[in-house]
Amino acid sequence: MPGSRIISLGHYQPSRVLTNDDLAQIVETNDAWIRDRVGIATRRIASGEETVADMASAAAEKALAGSGLTAGDIDFVVVATCSSVDRCPNVATRVANRLGITAPGALDVNTACSGFSYALATADHAVRAGASRNALVIGAEKLSDFTDWTDRSTAIIFGDGAGAAVVTATADDEPTGIGPVVWGSAPEKGDAVRIEGWRPYIQQEGQAVFRWATTAIAPLALQACERAGVATSDIAAFVSHQANARIIDGIAKRLKLANAVIAKDIVESGNTSAASVPLALSKLVERREVPSGAPVLLFGFGGGLTYAGQVVRCP
Amino acid sequence: MSSREEITAGLAEILEEVAGVNPDDVAEEKNFTEDLDVDSLSMVEVVVAAEEKFGVKIPDDEVQNLKTVGDAVSFIVKSS
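Residue numbers (this note's numbering), protein chains in the order written: chain A, 1 to 315; chain B, 1001 to 1080.
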């Protein structure tokens, strides 16, 4: 049975940079406090007209351009997002239309910040089941649409952006490039992160999420390594959801990844929810910080509370 | 069961490891936030480490009531 692998990546971020000093003009906060508590220096904010579908399409175009495939080769589009204002059509079909992908299976996945790993697993499973040969997997978010700019506990955290991957079936004699997913959720803690109601704002219980993320995720990430048959000492990079630099450090410490680059795109991009993993991964690959073929541990976690992760081979 | 002094010493070790607090500064009357400069996220890390070290459960709701080192010692004594 064929597996699948990521053959190319791409990312897009809006041009507007919002610094901590900019935020200090809007809410009672300061640069030192933000850097210390969440590890963010800047984040990108989309313009009023720019949509989740626009950013998803821009990232997807780059991934497709780097894949050697054409729009006609893509038969499945999966978009992870929790911040698309439009309910219908979904983001996946809008991306497909923009890129000239005709007649793909097209769906959006909403598991908030863990979305990319869910979407990647969905694409991998579709390839394994024979429902797809070449898939486009995207994480895209415009959280600025759901940010209460008077709430200093959340306004400092979130940013906008998108990352995308082209996933293709492996040949029969080729090792799979996307390891088994470890996914699940803690529904009883669902109220810890909320974007509820009509015209909502994002709200979260920071300490509760911090505690869950720094204690529950590491054992699950280890499971993902075990299920992929990869020793933690062989992991070349750890790309977790970019929630908070101290959460990333806390998980990485428990994982004891002796030889891994730890992705810290949060410093320049903030928390971009489902976009954070593909955005950070795409940048690592672009900067050639991870060799092609090396095992990379992806792990997303967030609203729901949901989580998902897997080991992938770097394209 | 550990004595209050032993628990305080154990908490001092955790506070040094998690938040870089000088163990000599740790005493029962010290307030975590105001005296020891432990922020809310570090406090979560202290609580998690204390659960592991002393084999107790400290629920999220309880954390906000632990203002001083002595509060934490009393909770651990009561729970263990």
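None of these hints come from the bench; they were simulated from the model.
Incorrect hints may appear among the rest.
Keeping only pairs whose Cα atoms sit at most 30 Å apart, straight-line, the calculated DSS-like set for lysine-lysine is [unchecked claim]:
1. A/K253 <-> B/K1057
2. A/K253 <-> B/K1030
3. A/K62 <-> B/K1067
4. A/K264 <-> B/K1078
5. A/K253 <-> A/K264
6. A/K189 <-> A/K253
7. A/K189 <-> B/K1053
8. A/K256 <-> B/K1078
9. B/K1057 <-> A/K256
10. B/K1078 <-> B/K1053
11. A/K189 <-> A/K264
12. A/K62 <-> B/K1057
13. A/K283 <-> A/K264
14. A/K253 <-> B/K1053
15. A/K189 <-> A/K62
Partner residues aside, some chain B positions facing chain A, computed with beta carbon under 10 Å [to be verified]:
16. S1040
17. L1041
18. E1045
19. V1056
20. D1060
21. L1066
22. S1074
23. V1077
Among the chain A residues that face chain B by a calculated CB cut under 7 Å, a handful are [to be verified]:
24. S8
25. R133
26. F210
Treat the numbers as computed from the prediction; the structure is a model and nothing was measured.
Ideal Cβ placement from N, Cα and C applies to all residues, glycine included.
In ascending order, which of the hints set out earlier in this document are inconsistent with the structure? Structure breaks hints 3, 4, 8, 12, 15, 19, 21, 22, 23, 24 and 25.
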